[in-house]
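Number of protein chains: 2
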Amino acid sequence: MKKTKYTVAVVGVTGAVGSEMVRVLEERRFPVGTLLPLASRRSAGKRVRFGGRSVTVRELTPASFVGVDFALFSAGGDISREFAPMAVKAGCVVVDNSSAFRLDPEVPLVVPEINAADAHRHRGIIANPNCTTAITLMALYPLHRAFGVTHVFASSYQAVSGTGAQAIAELDRQVGQVAARKPVTREVYPHQIAFNVLPHVDSFLPDGYTREEMKLQNEGRKIMHHPGLRASITCVRVPVYRAHSVAVSAQFRKPVSVAAARRALQAAPGLDVVDDPSRNEYPMPLAVAGRDHCAVGRLRLDCAMKNGLCFWVAGDQLLKGAALNAVQIAETLIGRKPR
Amino acid sequence: MKKTKYTVAVVGVTGAVGSEMVRVLEERRFPVGTLLPLASRRSAGKRVRFGGRSVTVRELTPASFVGVDFALFSAGGDISREFAPMAVKAGCVVVDNSSAFRLDPEVPLVVPEINAADAHRHRGIIANPNCTTAITLMALYPLHRAFGVTHVFASSYQAVSGTGAQAIAELDRQVGQVAARKPVTREVYPHQIAFNVLPHVDSFLPDGYTREEMKLQNEGRKIMHHPGLRASITCVRVPVYRAHSVAVSAQFRKPVSVAAARRALQAAPGLDVVDDPSRNEYPMPLAVAGRDHCAVGRLRLDCAMKNGLCFWVAGDQLLKGAALNAVQIAETLIGRKPR
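Those sequence lines, one after another, are chains H and E. Residue numbers for the first sequence follow the numbering used here, so the first one is 1 and each next one is one higher. Residue numbers for the second sequence follow the numbering used here, so the first one is 1 and each next one is one higher.
Hints are all accurate, no fakes.
Identical copies go unnamed one by one, so any copy, or any two together, can satisfy a pair.
Here are the simulated SDA-like pairs of lysine to any residue, each with C-alpha atoms no more than 20 Å apart in a straight line:
1. Lys-182 to Arg-242
2. Lys-306 to Gly-208
3. Lys-89 to Arg-123
4. Lys-306 to Met-214
5. Lys-306 to Arg-221
6. Lys-182 to Asp-172
7. Lys-306 to Arg-253
If you're looking for bench data, these hints aren't it; they were derived computationally from the structure.
Next up, chain H with everything else stripped away, as it sits in the complex (with noise of 0.2 Å):
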């Protein structure tokens, strides 16, 4: 697809991706002809600014997408399952945050940095990834370049934004009854946030683990072409507003060393290498919200395995672990390298 300008349609256009989609879209002049926001009837008739102007929220129907080169949807599996086929039928290429088609064989996951050309074997559809997994493996893949991981361990540490609008206001609302010594409500969360971590993130399957932490795995090794990777991580809520953090404990094929590692990862297009204890400088979820860049540190060999690297990478969900990265996909298909 080569056009000097697309129409591109933002699917959950006030959702708290769809609204980073919009800004992402203009901040990085993705060649925008027509911008065409749809959300559900409820938000149908808001306004979303882009490109100076004041564009009129429609109603997603069957019908939304005729004439639609791109559609960036981040409205939820359901929606997805049920407007993306109608949207590739219209001739449209869906990039789909949601994770209904994630680990369908014929629907390419995408991580412009990793793997920008499995984009190009798309049949319509394109999914972004879980962002716990784009942001681990934004450092865990130039260390697989390099070295081989076999397998990792891993602890989150996510962001209430990674819910949506509605968590953000519900730590929000809970910091400020906890102060006032007011009693906690609870409308989002099964428990309270505010001053708590979380060990629960998306819902429980029979084995115990969530499905957002069997993500890392299943998304991971389709992403890097690992079908053999294990990776177990916990994920874990945090009362942090923006940004997801992740400890990393990685195992490699072959022998690693810190300056090994360093090197890799500072080569690496879209990560920044965020390391000097003596300075007390490490990633941390304020430093990276907001930013397109991912942020890794706390280097240092695993005392408890051979061939073992700890590291902990820092980046924004609504960002890299979503809008961005659906952007930079989008990008690749009209033929932009990532950056």
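Given the structure of chain H, go ahead and fit chain E onto it with the hints provided.
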């Protein structure tokens, strides 16, 4: 040492742990004849409630320990190194909460539920373990007994009260500053802790680990009498007031099942199994704060390794991680069983 009543000194009595020590001595009806609250000159003259009376805090001096049976120290490593030997010379048994003597081969390092017998081999000083280590071992040791642990990969979620009373005030202040959209000021931590997480607890070692992180392997080996244990952890400060949590992946010598692991944990003293994902039940810092028992949950077979089990353990680091464990050590010495 068998008496009807004991003279008990608490060194650092005005600190976060010291004040808990006084409360725990009272709550558990430790047979205190005389309580001797000790602190720096700055705090001398303050008053402490104990047994329905108000007791005056005295300045810690070399002469403080004459006639004292037990001295519970929690005033930092420097104070312990200076005053604990003097206390021992005066005939006192020291239970030291600092890291000063923990790895000294002549000093027992004790979690009474695990290695109570070691306490009796003291030469005047018994060390209280690191808080994160003690909480992790409360769940790991019963599993080790059942299956033989070989490797541990962990990540912590540590509360600000582990740093002390000023850190609680810092989180309070910063939350207010963020809410008021005022500049955030820092006094205790090198970076904002409100709505952020810091992969930095204690000081950094040349190999990239922090001192805190190496305690799990070093102290874990000594407490469990398991010199071959390999344990790697990333220690992270989170904006939680009280109680630490730890996500653990552990590998065992013998095959492990969730059912057998659950039985081993349910039979363990001082530990509650809180593990019903279908009802959103799992350990949380907010739920264990102020409680003597630690809680373990999120039990599942580790999908990344053979004979591996994942679990999530939380405990009040001022209690089992510090004050409670110290009083339990004194109880062990006067012949009380762990409870």
